[in-house]
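**Student:** Read off the chains here:
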Amino acid sequence: MWHRLKKPREPGGSAGLAEKYAHFQRLLAANNAVLGLMSDMEEKLSGDFLFDLQFIRASVSHIVQETATVVTALNDMGEGRYEDLLHSFRQIRQELEEGLSQRREIEKAPLTLSLDQLNLEMAETAGGKSANLGEVRNRTGLPVPPGFAISTYAYKVFLDHNHLTARITEMLGRWRMDDLDSLARVSEELKQMINQAQVPPELESAINAAYEALCLPGRERPLVAMRSSAVGEDLTLTFAGQYATYLNVPPGEMVSRYKDIVASLFTPRALFYYKNKGFREEEMAMGVAVLPMINSRASGVLFTRQPEAPEQDAALINAVWGLGKYAVGGIINPDHYLVAYHPPGQVLEQHIPPKEFMLVNLPGGGVHKLPVPPEQVNAPCLHPGHLQQLAQWAAALEAHYQRPQDVEWALDAEDRLWLLQSRPLQVPAKRGAEVKARTLKQYPVLLDQGSIACRGVGAGPVVLMRQDEDLKNFPPGGVLVARHTSPKYVTVMPQAAAIITDAGSPTGHMALLAREFQVPTIINTGNATQILQPGQEVTVDANYNNVYAGIITELLEPRQARVNDLADSPVFRALKTVLKQIIPLNLINPQSANFTPAGCRTVHDLVRFAHEFSMREMFQLTESGVLEDREVVDLDSGLPFKVRILDLGGGIKKGWRRRVRPEQITSIPFKAFWQGLAAMRWPQAKPEGAKSFSSIFVKSEEEVAQGAEPYQDQSYVVLSQNYMNFSIRLGYHLSAVEAYVSDRVNDNYLTFTFRGGGSTPERRERRVRLIEAIIDRMDLNYQRKGDTIEARISKYSAAQMAQRLILFGKLTLYTKQLDMVLFSEGIADWYIKDFLREYVGGKA
Amino acid sequence: MPYQKTAKDLMIRLEDFPHIPYWFSLREAMAIIREAAVKFGGSFEPRAVLVFDEKYQLMGILTLRDIIIGLEPKFLQETDLIKMDPSLTVLSGDFLGPKMKEQSQRPVSEIMSPIKATIDTGDPITKAVYLMIKENVGLMPVMQNGKVEGMLRLSDLFSEISRSVLGD
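Chains as they are written, first to last, in the numbering used here: chain A, 3 to 846; chain B, 6 to 173.
Next comes chain A alone, as it looks inside the complex (with noise of 0.2 angstroms):
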């Protein structure tokens, strides 16, 4: 580009500015970069898109190093001068890499606990589940069987003892969270390894204590439950289903089962699910909860609320025969009951399907799938004692916890209840009056039955799991359509336009997480996999239990802006943290007394003062007024536009002075742009006489994001007679325009950057939108992100370039004019119209 430039000079320039300007140019499109990858950082928020604690570390690593260009690109410039801005950046900059480099260190611990001593307040020694169970069993004296839980501290020994921890670090960098294959890959090795390695003797023999201490004398030693209690699981993010759990183990062969639990963090889906919540690795630390087995004669589940109906004082139960695994996995219909808190136990709702089998505990280890006995098939596995303890519970566990619970139960052979595991239920915010159940008459619908598992509408087509290889190949916004319900789903949730399965139950594991992932869900039709076709387009309205054949837009609503689950995970408290690092604008106004280096807080900062004072190194005048480059001079346009130019050479007309009118330009793009800003309606001068009220809005929406008069700061644009780079700083609107035309075709371009800022997020968006439509009908290409809108056009003739530059012209103040008045989509969509019909024209 510069040679093009350099050849129009005139002789007689000053020296070093084609290295000056170099510079400016390298500085400019790291500035561009900076902005670029802002916008996108600040996207992820939205919670509609997946990224992992890797993507922030890159996109970080990427501004910090076009951050440093831009500083040491002014630096170059100035020669030396911005010293104090290089330091300013090197302490950003240790800022960020603290922040994403902390690790939290697991804290030295016994490697067993008695569940005598636990409370939720030790979840990061014990793990979420035995801390919980610790919290109920000496918090609530609801009855949970002793019990031992292994420390994470245990973890963390067992780690060190066979020099794993780095190993497990490196190779879970190694995968992306949109390669199943590789994750596959990395998590075969995980297991492999952890299979392999040793049980330090004395974890060992702590377990094996801590298991003695259970067995009561003159008893029959008991089999245990162990089950995994991860940190983090259960908590707030339920993990639900994710990491292993065995029933009925011989004391000989805890030890061996202890290393599976721990190989369970590593399973695919788990993997995938600690990943997309944004755990840290070394956060991943594996606890396990030993329980004595309960022979159990029916066992469950407990909602202390209904997820799709919290605001009812009512609990969910579901029950099987023998042991509860089956309540959870899907595998068969368990019995419903709904139950109400006032009298406890009243029965609301029962259904009663039959229950073909059960999963019983074998006298030696493990467990075996029995039929069912045939006089209790349709019997209902729970009585009214029953239904009136589990709802007293709930009352009791919801008193205690101040949130729905989660709650897995079992009754032994003696009648007595015991509650194995309590965590947080997931239920949605509040929805307002509920409305009538509706069937649109007017489609054809498919499937009518099913119980909700996850409300919302979601389209697309079937996608039939067959085996888990098909997830390997489920397309962006398919509809899962399977059998029965899995957690291996999970894998695809963040793509899946709704679920649908033919068995389960709402308070299974895939329902939980459908619900963490916001997946319209609908399980238990009984024949959806008969009944829909892959590949067939349907449209699954979640909110009222029917499939429809095709794809119903008016069901498919704009999707109201919806709680953010995520908005809890580490993955979003580490981005926020490191945003606030990035994002926050301190150096609004450059004629106040902290736009200094030392004023900088944030890469914002950074580059905003950056571009200033590259700007001035620029256009620089000296302190006298009088002019040092020749080049250098203002524009006199009578209008409220403040706009420095450097002249490099053909694009101002001979014998200009200190400020040049706009028909003393002679440069070909300049002029164009020019005659399309001065068309507009520019602040005229105000009717006399009038008095003006300051406003509320003077101290939130323009003050505050503005700073400087709207009109005040200062624009910046370099020419020669075939070029122009126009920095145009509006307000808080900066958009820059480049082009190049001339008579030689392949030469021309023109690029156009916005970049908007200030005010609402409804606004922003809407001026974004405004911006898009009208450069769309201009035939360019362009690319969005954020709010930073990027257009690019080439190769076309002189006269095209010229008109294009003139729409932009208008363009450029027409969105800044219109700040004050987007106040609906609709009127955003009237001024989109507006502009096509008087500017654009054609097929408006």
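Among the hints, a few may not be true.
In silico DSS-like pairs for lysine-lysine, Cα to Cα no more than 27 angstroms straight-line [what the hints assert, rightly or not]: (1) A:K693 with B:K139; (2) B:K121 with B:K132; (3) B:K104 with A:K693; (4) A:K835 with B:K106; (5) A:K656 with A:K673.
Hint data in this document are derived by calculation from the structure and do not stem from the laboratory.
Got chain A sorted already, so can you dock chain B onto it with the hints?
**Tutor:** Same frame as chain A, but now just chain B:
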């Protein structure tokens, strides 16, 4: 219990009112009024736009009446020679024609009504009623600490008065 409502209790928040910069045209003001009516779904149909300067200071109010007067071709206006009479409107068959389109390009600052009266957030309703009748305005800024905080409309005052008269 004595009546204690103040201007603040009845005012509409400033951000709920559509606004426009003073140099924008009448036709833009009309588009804004139409869209604002749609936005509020009829429950609050603005009959005016607030006119601000570039520093977000309130300069005036543009009512439907102001807009129509602004669009009215000049020959409908009285001069010393012609006394206006409703029957003369037959002469203005052109009223909805190109002349009006041309007029619609006038800046709102030429047409708007200045602010004639203001009231403070803590002032009693009776004072607001008095000022509106005295100044013959239907809309008035409500001030707090010297800044416009919201707008008070005659129609809201009327509702309040009628509630009291009808004894609801």
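**Student:** Hints first: check each against the structure and report whether it holds.
**Tutor:** Here is how each hint holds up against the structure:
1. Between K693 of chain A and K139 of chain B the CA atoms are separated by roughly 19 angstroms; this keeps the pair inside 27 angstroms, and the hint holds.
2. A hinted pair counts as satisfied when its Cα atoms are at most 27 angstroms apart, and K121 of chain B with K132 of chain B qualifies at roughly 14 angstroms.
3. For the hint pairing K104 of chain B with K693 of chain A, the CA-to-CA distance comes to about 31 angstroms; that exceeds 27 angstroms, so the pair is violated.
4. Distance restraint check for K835 of chain A and K106 of chain B: the Cα-Cα separation of roughly 17 angstroms lies within the 27 angstroms cut-off, and the hinted pair is therefore satisfied.
5. Annotation: proposed proximity of K656 of chain A to K673 of chain A holds, straight-line Cα distance about 16 angstroms (limit 27 angstroms).
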